[in-house]
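Quick note, the sequences are listed as chains A and B, same order. Heads up, the first sequence is in our numbering, so the first residue is 1 and it goes up one at a time. Heads up, the second sequence is in our numbering, so the first residue is 1001 and it goes up one at a time.
Accuracy of the hints is not assured; some may be wrong.
[What the hints assert, rightly or not] Pairwise CB distance ranges (calculated):
| id | chain 1 | residue 1 | chain 2 | residue 2 | range |
| --- | --- | --- | --- | --- | --- |
| 1 | B | L1004 | A | R324 | 32 to 42 Å |
| 2 | A | A14 | B | W1014 | 51 to 61 Å |
| 3 | B | I1035 | A | A394 | 15 to 25 Å |
| 4 | A | D294 | B | D1030 | 27 to 37 Å |
| 5 | B | T1018 | A | A278 | 48 to 58 Å |
| 6 | A | A52 | B | A1040 | 29 to 39 Å |
| 7 | A | D6 | B | R1042 | 31 to 41 Å |
Hints in this document: simulated from the structure, not taken from any laboratory. All figures in this text were calculated on a predicted structure; none of them were measured in a lab. For each residue, glycine too, the CB sits at the ideal point set by N, CA and C.
Next come the chains, spelled out residue by residue.
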Amino acid sequence: MSELADLSLTESAAVGRDGGAVALLQACLARLDAWNPEINATIWLDRDAALARATELDRADGPRGPLHGVPMAHKDMYFQAGRPCTCGSAIRRDFVPEVTATVIERLAAAGSHSFGGLNMAEFAQNPTGHNRAFGDCRNPWQTDHITGGSSSGSGAAVAVGATYASLGSDTGGSIRLPASACGVTGLKPTQTRVSRAGVMPLSFSADNVGPLARTARDCALILQTIAGHDAKDPTSSDRPVPDYLAAMDGDLRGVRVGIPTGPLMDAAEASVQAAIEAACAVLVARGASLVRVDLPLMDAVTAYVGIVSRVEGATIHATWMRERPQDYAPHLAARLFAGYAVPGVYYVEALSRRGPILRRFAAEVFAKVDVLALPSIPTALPTRAATDVDADVAHVAAFNAVSVNTRPFNYLGLPALSAPCGFDPNGLPIGLQLVARPFAEATILKAAEAYQRDTGWHSARPVLAG
Amino acid sequence: MEFLPRTEATIADWHGITPPNAAAHRFAADLAASIAAFEALRGSLAFEDEPSDFEAALKDCAA
């Protein structure tokens, strides 16, 4: 049973298609039961319904989809008709949607089923995973450290083998940060690549849906299933979805990898820089070339990205901020509050500059490189205490520093992936962030999969104490 | 009136929302840094940049 829980998504799908849906579910639940007292990764579980569905899938006749019988649990912000969707908040503790998110429907059409809602930052609005309403999700590598947020439960649950993959969401790093902190692989697709219909909104200009899983290949399998236009989300792209898996041949000849000059790399701690440089050497050994590249307009990107998500978040929370501000975590209410003071002219400037900045960034950077390589989190992973703004507002600098390397790529709308590439001096995972031009998910997935052919960081697992 | 009380008064006037806790004062005060960042960018938004369409830029910048 334990060995089943350690399978990759790709491997588990083969078991599911072979009639092992119940066994896969039982393996995940057993793993979760063992770990959850330590990591607090779940908000709700639906064991009976999941067992019934797994039994149905094992008995089903006819063709079986690519994810047949694979159980998953997702960040608790994906609508599933008739099931809870707390958004990690006290305010939505009792909310039960009447519709199902398109991405959940697409996973189900491929044969997967979901068995629970995973812990997350309240309303997906912090980079650390702190949660007052349901308790902090704790990092399985060392429980006094942050999981990264906001998809905290997704990162922790994938890391311990309690789910083969999990949908997270990423508005400023919320897939890549927990992927980095928990030692798993996470992909934020290009803005508009994946439907957001039936998904809790945070910042409609910067929200993205994507997977956390154990390998780049697993992330590709999920993206292959969920990407593509959705009539329920008019902002979703109608661009054809390529065959991500077919592109993964391990051959990086002709791929130009660029390490950014400037603070995104230079300000990182030495152990993190060394891990990124070592990872790039692996890519070079696979045939890639390596250069240093300047990133233009980063001052503007940094200024604008915070304004967009702050104002959009404040806008959609205005009613609750008037009527029940005490029901938010203090740091979240405080952050939302500041959003109301931002002038409309600033917000429109930030949005108006987005296209021209992307065009110049792409022209200057992607003329020289195909993939940017940089740290997902530039520091050794901090503790929950050192980033707890509710305990001491002076921690806000450490809190904000967690996402400094991920936020820019939400403003630019670029696809970005985090893959494990080492451990910091405290024994916590380090993440390699790979970024490419719009809709070039295949390029970063190919590079990450090639990297994982030659390294074992993605196979490392936390050990349950006692 | 100083920056922080002026900012909080504006939020109350325009939105009917008051500081929910002590940390809110700190986050509102930090908006001064946003103003400074925007000051440094003044002039970078050109009159001719409009209309700007981010989705079109995503498509145009794809391979």
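Return the numbers of the hints above that this structure violates; sort them in rising order.
1, 6, 7
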